[in-house]
Each structure stands twice: as C-alpha cells, then as structure tokens.
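J.: For reference, the chains in residue letters:
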Amino acid sequence: MSEHGHPTPKLYAIILACLVVGTVLTYRAAFWDMGIFNPVVALTIACTKATLVILFFMHVRYSSKLTKITISAGFFWLLIMITMSLSDYLTRTFLPQ
Amino acid sequence: MSTSQTTTTEHHPALAQQFDSMEQQQDASTFGMWVFLLTEIMMFGGLFTAYLIYRIKYYDAFVAGSTSISVGWGFTNTLVLIGSSFTMAMAVWAAQKGFRKAQVWFLIGTMVLGAAFLGVKAKEYHDKWDECHIPGHIIGKGFNAWGGCSATDPKLGNIADEIRERDPKVPKVSAVQTAKQTEIFFSFYFAMTGLHAFHMVIGFGLLSWLLWRAYKGEFGPQYYTPVELGGLYWHFVDIVWIYLFPLLYLISRTRT
Amino acid sequence: MQLNFPIFPEQASSMAGQVDALYLFLVLITTFFSLLIAILILFFAVKYRRTPERKAEQIHGSTLLEIVWTVIPLGISMVIFVWGAVIYYHMERPPVNPLEIYGVGKQWMWKFQHPSGQREINALHVPIGRDVKVTLISQDVIHSFFVPAFRVKQDVLPNRYVFTWFKATVPGTYHLFCSQYCGTKHSGMVGEVVAMTPEDYSTWLASGKAEGSLASLGEKAFQQYGCTTCHRPDSGARGPNLEGVYGRPIRLTDNRVVLADDNYIRESILEPNAKVVSGFQSIMPTFRGVVSEDEIIAITEYLKHLSPQQANPLNNRTSPTEIRDSEVPNIQQQNEQQPQQQQTPQGTRPANPGKKP
Amino acid sequence: MSIDKPVMPEKHYLNDNYGIRSWLLTKDHKRIAILYLFSITVFFFIGGLFAGLIRLHLLTPNGELFQADTYNRLFTMHGVNMIFFFLIPSVPAVIGNFLIPIMIGTKDLAFPKINLLSWYLYIGGATFSLITLLNGGVDTGWTFYAPLSSGYVKSPVIVMAVGILIVGFSSIFTGLNFIVTVHRMRAPGMTWGRLPLFVWANYAASLIMILGTPVIAITLILLALERGFHIGIFDPKLGGDPVLFQHMFWFYSHPAVYIMILPGMGVISEIVTCFSRKRVFGYSFIAFSSIAIAVFGFVVWAHHMFVAGISVYSALVFSLLSYAVAIPSAVKVFNWTATMYKGSVKMDTPMLYAMAFIGLFTIGGLTGLFLAALGLDIHIHDTYFVVAHFHYVMVGGMVTAYLGGLHFWWPKMTGRMYPEAPAKLAALITFIGFNLTFFPQFILGYMGMPRRYWAYPPEFQVLNVLSSAGASVLAVGFILPLFYFLWSLKYGEVAGDNPWQATGLEWETTSPPPTHNFHHIPVVTKDPYAYGEDEEVPVVH
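Top line first, the protein sequences correspond to chains C, A, E and S.
Terminal number for the first sequence in my numbering: 97, no gaps in between.
Terminal number for the second sequence in my numbering: 256, no gaps in between.
Terminal number for the third sequence in my numbering: 357, no gaps in between.
Terminal number for the fourth sequence in my numbering: 541, no gaps in between.
Bound-form chain C, shown alone:
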C-alpha cells in the first residue's frame, strides 16, 4: 500500500453489498435449471466475488505490479495443475485407431 490511494469505509460497504448480492444470486441460480450452465454461472459469480475481495479488501488494486503478478502466478499455476491433470482424465477413454 505504499502506492497510496486508500479505499474508504464507503467503498468497503459497497463491496460488502456486492458480495452479499453475489451470494444471494449464486444461491438462487443454483435452483434454476440451466443445464450445464449451472456450474458455469456458479463459478463465474464465485470468481467475481473473489476478484472483488482481492482487489479491494486486499488492496491489490492499490498495490504494486509485483503483487499483481504474484497473485496471477498463483492462479495460473493452479490452472496448469487442473488442465494438465484433466488432459489425462478427459481423454482416457479414447483409443487410438
């Protein structure tokens, strides 16, 4: 937070409101049948909420580039682990001709 510009309590309150709305929305959305979009919607909302927390509650919006890179790296590596593992599981049933 050396790079200044501080969030105010008002901003925090707005974020809180957004998070609550997001939670209610996830909850409601889970009961509408959207087929395969149910998990997609749920995860989209979750990601949005997480981003809000990271950006504002955790002050990343006001932090150095290094912090931003660090966080992106974390999620990027997680993505590597998930996609590369699934690359095995999702293609296992195919037999080569």
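Hint data in this document are derived by calculation from the structure and do not stem from the laboratory.
Watch out, some of these pointers could steer you wrong.
Straight-line C-alpha distance at most 25 Å; calculated PhoX-like pairs for lysine-lysine [to be verified]:
id	chain 1	residue 1	chain 2	residue 2
1	E	Lys111	S	Lys237
2	S	Lys526	S	Lys342
3	E	Lys47	S	Lys342
4	E	Lys55	S	Lys346
5	S	Lys154	A	Lys128
6	E	Lys106	S	Lys424
7	S	Lys237	E	Lys185
8	E	Lys55	S	Lys526
9	C	Lys10	A	Lys101
10	S	Lys424	E	Lys47
11	E	Lys111	A	Lys57
12	S	Lys237	A	Lys57
13	E	Lys185	S	Lys154
14	S	Lys526	A	Lys216
Given the structure of chain C, go ahead and fit chains A, E and S onto it with the hints provided.
T.: Just chains A, E and S now, with coordinates in the frame of chain C:
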C-alpha cells in the same frame, strides 16, 4: 509507545535490524504474505483438482452427497464470512488511521463472526455425524464404524432414493453403490471444509494476538503491518470459502 | 559369475527392432554431445591454462551462438519426440484379431488364462508370428507387466483393465518381470515368457490339462452364480439378455450410452447398479467378494462368445464418442419383440463375418 | 599480495557470540547456514550408509545379505533421506542461506526468525521421520505409490508422511524468504541485470519450492488420511483412483528435481567464471534459462507415468513438453563451455568439481531424452536406466556442485583454506568412483533389470559387481572431504578476504564476514563477473 510520534528517520521500535526503513519492512512483509498465500492457493489447489476429477467421475453420487448437506447453513455461513471480511477490512482501515477504539471493536467483530462461522460448521459436522455421513470406514464395517451406524444401512442410499422419488431422471443407484461413491464426496467435503476450518482456527489465533496488540495501542499510521497481514490472511480464507460454497453445497440443486 | 555377460537385450518381438533403433540413435547423440563437451572443456583447460603472460580475453556473449545452440538441440529433440511418438503409437494401437490372453497380477505372482482354458502361473506361453493381446488387471496393488525382450511394459492397475500387446518373433524363453514396486517380494514376482512356433504352441495347448475352454469355464460360472435366472432371452426376464451385448453400445437408464467392453462388464458384475441398462430395475446384487477376477475374466470371455462376431469389435472402433444414436440397440425392446431369437441389429455396423461359437 | 600474510578479522560472525544458545537461537543467516551444514551432512552420511548397504547386498544375485523386507526398507530410507533431507536443502539452505544476503548486499534475509523456524522444522521433521527407523523403516519406496502405501505395507507410513510434510514447510519458508529477499532487500545499484547467477538460480528454485511443495503437502495429508481412515480418494477398493496419487505426487516431485539441480547450476556459473577469469558467456541467457527451467518444469510431470495407464493423448503432450525443458539446460552447458574459451583457466579443486559437473550433467541430461521419448520409455521405465539417469543428474550434478561450492566458499565461511592436494585427490576419486558406480547401471537398465529388485537374474551380476566396486571408491571420495574440512578449521591456511581474486560482493567483505555482513552497505556500480577490468593477472598459491 504509539503515541510518541516517531518518524521514519528515527529508529521505530518495531523496525527489525535487517531493514533500512519502515517502508521497506512493510513492503517486504506484505510481499512475503502474498508469497505465502501463493503456497496456500496451491495447497487448496491440489484438493480442488482432485475434487474436480471425482466430481466428473462420480457426478451422480456427488449430487446425492451435496443434496444431503444443508444449503441453508452453507448460505448463512457464506454471509457470515463475507461480513467478517468486511469488518476485517475496516479494522485494517482503522489501524491505518490510528483509531484505536474502532480498530479494537472491528477486530472483536471479526472474531465474533469467525466464531459464529466455526459454530455453524461444528453444527453441520455434528449433523453429518448423526446421519452417519462421516467418511473413512474400516473396510467391511460400514460407513461409520464408531457412530453406531449399521453396516448395511448407509443412509446415503436413502438420499439417493429421495432424489429419485422427486426426479425420475436421476439414475437408479443402489444404496451400497451410492454409499461408496458418496463417501468420496464426503471425504472431499470434510477434507476441504476441514482444512478451511483449520485455517479459520489459526486465523482466530492471529486475531486474538492482533487484538491484544491493538488494545495496547501498538498500531498506528506508522506501523500497522501485522494488522494488514492478518487481514490478507483472513480475506484469503474467505476467498476459499467463496469457492467451497458453490462447489460443495450447490451441485445441481435443481434436481431436488 | 558369468563373465561373458551380455550388454544388449535380446530382440524377440516385432517392436524390439524399432525401439532399439531409436535407442542407438540416442546413444549416438549422447556420445557425440558428451564427447564434444568433454573434449572442449579439457582442451580449453589445457590450452588456456593460467600463465603469468596471458590475460583472459573478455567476451560478453553472442546472440547468434545462443540461437544456434537453442535451435539445434530443439531440432534434434523434436526428431526424437516424433520418432518416439510413432513407436508409442504403434505400441498403443490395439492389434486386429489378436490372440487374447488374460493376466491377473497379485502380490506376488502372475496368473494367465488362455482362451482355450489353460491356466499358468508365472509363465506365459505364446506362439510366435501372431499378435498377442494381454488384458491385465491387478487384485491388489499396482504391478507392471514387463518383458524386456519384447520391449513391452504396462502398469497393471487394480479395478481397471488395461492391455498391452506384442508379436513375438524368435522362439525362446524370456524374462517376465514386475517392474512396478509392489511390496516385500516384488523381485520375486517374476516369471518367464515362452515363445514357441505355432506348431509347438498347439502341441503345448493340447498337452495342457485344460478344464475346457475359457468360455466354457465362464459359462459354468455363469450358471453356477445363477446369472441365468435373470439374464434370459425371454420377455419375462428381469435382466437384459446378454447375447450379442459384448462390444456394443448400450443405452442406460439416464439415456447415456456406454460401450459394453471388458471394463463395463466387470463393473456391472461388481457394482451392478452403477450403470443400469435402460428399461431395467436396479435389482441385481453385487458379486464383489463372491466372484474372483479369474471368473470375471471367464464370464467376459463367455459373453464375448455369445456375440455374433468372433472378432472383438472393440478392436475396430475408434472411440466411444463416435457411437451414434442409431447404432444403439434397445435391449429391452429386443427382449420383448423377439423373445426366442438371437438378434442384434447389424445395420450400421461394418460387416464383420462372424462365426457363432 | 602473497607477501603480507592475510590475517583473520578480529570480530566476525563465528566469534561474535559463544555458547549453545547463541547458535540455537541465532537469527544470523550465516549461523543458520552452518546449522544446516551440520545437519545435512549427518543426513547425507546416513543416506550414504543405506546406499552402501544396498550396493553391498547387490553383489550377489540371490539376495544373500538382507531379507527382502529389509532391502526394501533400505532403498526407501535411502531415497527419502537423500531427496528430502539432503538434496532439497543442500545448496539452497547451506550455501544459498549463507551467500544470498551477502551477494545482494544486505544485512540478512528478509525474515530471519522464519529462517530459523525453517531450520527447526527441517531438523524436527527429519528427526521425526527417522523415528520410523525404530520400527525398521518404511518400505514403500520414496514415491509412496497408493494403494501399496495406503493399505498394503505394514510399516509406519503415516509417521514418515508427517515428517516429510514438516520438512516440506521448511522448504516453503526457505523459498519464501529467498524470494522476498531478492525482491526487496537488494543493495543500491544491485539491479536484476547485476544479480549473480547463483542468486538467479536460487530464485528460480525458490519459485518451485513455494509453488510445488504445498501440493506434495496436501497429497501426503490425503495419503495419511487414506491410510488411517480409508477415505477412498486413492484406494481403488473404495472407488478411488491410484493414478491420481501419481499425478499429484509428480506435480511436485518432478519440479522438485529442479529444486535440487538449479542451485547447483548457479554454483557452477560462479566457479567457472572465477577460475577462467572471464565474464560469463551469455549472462542473460543463463539467467533466463533458470527461470525457463522452473516454469517448464511444472508442465512435464506425467512423463513419469507413461506406462501407468494415462491417456495416450496426454502422454503425447507431456512427452512433447518434456523436451521444452531440455533446451534451457542445453543452453546452460554450452554457455559454461564457451565461458572457458580464451579464459585463463586454473584447475583448483572447485574448478575440477565444476568441470566434472558439466560433463556428468551433460550425460545425465542427455539420457533424460531417452526417458522422455515415448516409445523408448516404455522399455526403460522403472529399470536401472532411470536409476542411473537420476544419479547422474543428482550425484554427478548436484552433489558435485555442492562439493564444488563448499570448497569454493569454504574460505569465506570459515576464514581458512582447505588443503589443496587432498582436495584434488578427493575430487578425482569421486569422479572415478561415480562413473564406475553408475555407468554400468545404464547398461543394466537397457538390459531390462527393474529397479528396486532385491534379487536379480545371474546374467546381471558382473555389471552389478562393477557398480558396487565403484560405490566403495565413491564412498572414499565423499568421506575424505569430511576429514580435511575438519582439519582445516584449525590448521588451514588463513584465507584472507578474497583468496580467489573473485568478483562479487561476498568477496568484498571479510572472511569470515562480520555479523551484519558488511561494515557499510555496499553500493554496486559494476556488472557481475567484471573480470579483467583491473586485472593484474593474479596467480593464487
């Protein structure tokens, strides 16, 4: 201590010897915390990856398992945790501004909400115990060897039956079969929420320590790094829950 | 101690030559680069040894050289990758019309079953000149089926069939190893593979005291466990008629379509209600702990023989995702409409001249 | 400079304070490095003892020395000891801990208390897992494959898993400390382009430590839960998938080999430049290849699983990516070689080790290509070929680099020189013994001898005897330094601040350095490895 207005040119009592300035110290500490959170992402990430693979593999059993946990309590807990994140953010803000009293109250608020979360979690765990949904049976002895649950009547089959009664689309799955696959769901449920709750407990400890120091008035605009770091940790734990809630509680609720 | 010890394994399968060619190529590459580096280092160390007269010449680097020694190794490794991938592709592609042998690994022995009913422990007799497909499963931990002379290796997993295949070319007796560490007597889980001429093989088959073919063993087990009570070819049957099911796509109660392969049949015996055929109740009890892996294999073989095609249709398929809806038979209807007749829709299937067992 | 004899500085980190408390509660990174040095030496020799017993046993084909069960415990304990308790902490926690703050010109690591904590975690975890020895050790192999480890073996797997878990956290904290220190604590003028390559390499290794280690932690937790409570995630009997364990295990354990080798590569970059009196050839290529190895290292793990029953398509992808990691390693080797070109080469002991490293690592790396080639790996997977490859990289590479680095910086750490003649002898013995031990194993592997075999067919005996003979030579090569290093502590020549006339901030302070490393925080104005600028052609010794 905090009332004496030290400037960065003088030696602040909280400045460690290896650092040149308070600013460098705060920068390094905050960055260190982020790097630590990176490891936390990967640690939970391992669980998430495994969870995802089994969710694809045993989707129906995961639906059955998910349906058996109380979405109401999960929803409540999500709100509680979000609220605690808010009070934590406010505590950091108060520390930064040097409002000692506000800071103490916000920290107390965070702890109360955190405790409420853990309380609800304990209740949920207890319910699972009563329903014989604790995974980890000793092979051949049934779902839960300790809780007085019988070996041949795993209740998960009943859940699957209930789901089936309401929705004929759900495939018929035998009780034993469901029990075994749902057990994997519950293994993930307890591993993930357990690891999360463990982090909450540690966070609770951190908060108590911060509260004590805040009460003594150690934090102010010059030095509030510990509160900031505690906040980062607490928010991270909140983020994990933001993902856990839909992944564990809301798998295809439309079928119920 | 044998002092005239070999330093190269025997080549006794159709794949061995290909694998060795790649190996020798890589040995060449390794030797070349190792010598290059070693000679350069020693040469520089001697030529540019420290003397009071000479100073080191400072060189910062050369982008051109960096590119050269990035691109050349990249090129070489791509050649190796493609070469290795081609061999792997040949190894993984299931052979057409193979001799099918089943193997079960357990701590610490190998059991093999031939289609004609012979059983062997820690030994495997195979004819040369014919594709042999070994379908493998483990009863406990992970093992690995390894025949160095054939250059084949496959981890043998519990709860799931895997297969490997080879075509032996030279008669002889070769090592069979378990190469995945599997507990105390891991190194005792060894045996021999005997490759024989087809004539010797048939003699061997005839001399062995088989209690009937594998399929007949399966039929016996099928009756012994009372499978026929429900799996009957008439309309009142509580279970689907299993004639002609093997290798076919099956529609399940939830409208999914799966392929009735070895793994599906095994799962249906052990966990009957995991994937229930459309139109049937999930009433079958599990046979886990009742029926052995050997018997499952025999029953599978029996069901295979109930299919009109002798050749394993799985060997001709590409992927289960390619199953089209029109291909999917409705077993229930089949049961109701033609109760006595063994019938399978063959419309869209590539004609495979099948002989009935 | 050889006229006035160098003297020891009056006050330095070793005599700043005395007593056991001043060591066990120290926050000085240099003292913590010495603590690590002692402890990993102990674990190295314990692991070495197991290795010696294994080789002794394999002299005869029929398993005449030990019971199969004992043998299995020996190789498991050898693997666990060497990998988790020696190789992973070796260069980073000893040499890196000692040097990184000095090299970048700061007083200490960013978090000295956490640094001390990580030593305690290390020693606690490692000791804890040695408790299993009371029960005879663990017999799962260091890879702990489920379901063997989760349900079949009778040895104390959970204790071992917890021990490794604790040591894992030590590794995480070390990595965290290095990363923050490198980012936030550099001296004025120490830009990223001026960082010594040793620091770059350790930085890259630290990235792997913090990104990979948590995954092995959660994997081991799940394994312990599986074994204790049968939660069914890895156990096929309960519907779990044992291959998932392998995925999660190798997600860490493959990158972990780069934790082990990268810092070694950093050591080599320092030694080669110093003893050739040359700027390093292609500084930025070596620096970035470290990062490239760390990043690519994460997407190749399933090449350990080509025969494990993974999807064919997945295998192709992982094989292709495996070659991506080979390129930066090749780039490094070529750059080191080019650095020697037209240098002024002096073959002191550290340089001997460095040259051995380059040669052996080349062989180790190239044989990795065999294993990444799909069709070929089917045959050599889980054979002695893998064992040989791994030891060429880890012993021929990492241990050699560690010994080279220890000789190179020994005068800085202790203020005294090691004796040159026995050291050269030891380097030579190590080199010969090493090749004799492990080269025959390549042949054995291609012949088809599976690894972890307690007994083997008689036609493999000659090669095994050769290997065992080599091991005894190698043991001499490893024990020798122990003696002359100890000897030098008292009788070694006083080294002076910069016995090698090397560049780098660590040579600008006294030997041994003062507690706060520098009397004044240095300001960096020169590029790294600025050899030849103020050269008066020193001929040391």
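J.: All the hints need checking, so say for each whether the structure fits it.
T.: Now the hints, each set against the structure:
Annotation: proposed proximity of lysine 111 (chain E) to lysine 237 (chain S) holds, straight-line Cα distance about 20 Å (limit 25 Å). Using a Cα cut-off of 25 Å, the hinted pair lysine 526 (chain S) and lysine 342 (chain S) holds, with the two alpha carbons roughly 22 Å apart. Pair hint lysine 47 (chain E) plus lysine 342 (chain S) holds up; C-alpha atoms about 8 Å apart against a cutoff of 25 Å. About 12 Å separates the Cα atoms of lysine 55 (chain E) and lysine 346 (chain S), which keeps this hinted pair within 25 Å; it holds.
About 31 Å separates the Cα atoms of lysine 154 (chain S) and lysine 128 (chain A), which puts this hinted pair outside 25 Å; it is violated. Only pairs whose Cα atoms come within 25 Å are accepted, and lysine 106 (chain E) paired with lysine 424 (chain S) is rejected, the gap being roughly 52 Å. Taking the CA atoms of lysine 237 (chain S) and lysine 185 (chain E), the gap is near 22 Å; set against the 25 Å cutoff, the hint holds. Distance restraint check for lysine 55 (chain E) and lysine 526 (chain S): the Cα-Cα separation of roughly 20 Å lies within the 25 Å cut-off, and the hinted pair is therefore satisfied.
For the hint linking lysine 10 (chain C) to lysine 101 (chain A), the alpha-carbon distance of about 19 Å falls within 25 Å, and the restraint holds. Annotation: proposed proximity of lysine 424 (chain S) to lysine 47 (chain E) holds, straight-line Cα distance about 20 Å (limit 25 Å). At roughly 30 Å between alpha-carbon atoms, lysine 111 (chain E) and lysine 57 (chain A) are farther apart than 25 Å, so this suggested pair is violated. Taking the CA atoms of lysine 237 (chain S) and lysine 57 (chain A), the gap is about 15 Å. The hint holds against a cut of 25 Å.
At roughly 14 Å between alpha-carbon atoms, lysine 185 (chain E) and lysine 154 (chain S) fall within 25 Å of each other, so this suggested pair holds. Taking the CA atoms of lysine 526 (chain S) and lysine 216 (chain A), the gap is about 48 Å. The hint is violated against a cut of 25 Å.
Taken one by one, the earlier hints fail for this structure at numbers 5, 6, 11 and 14, listed in ascending order.
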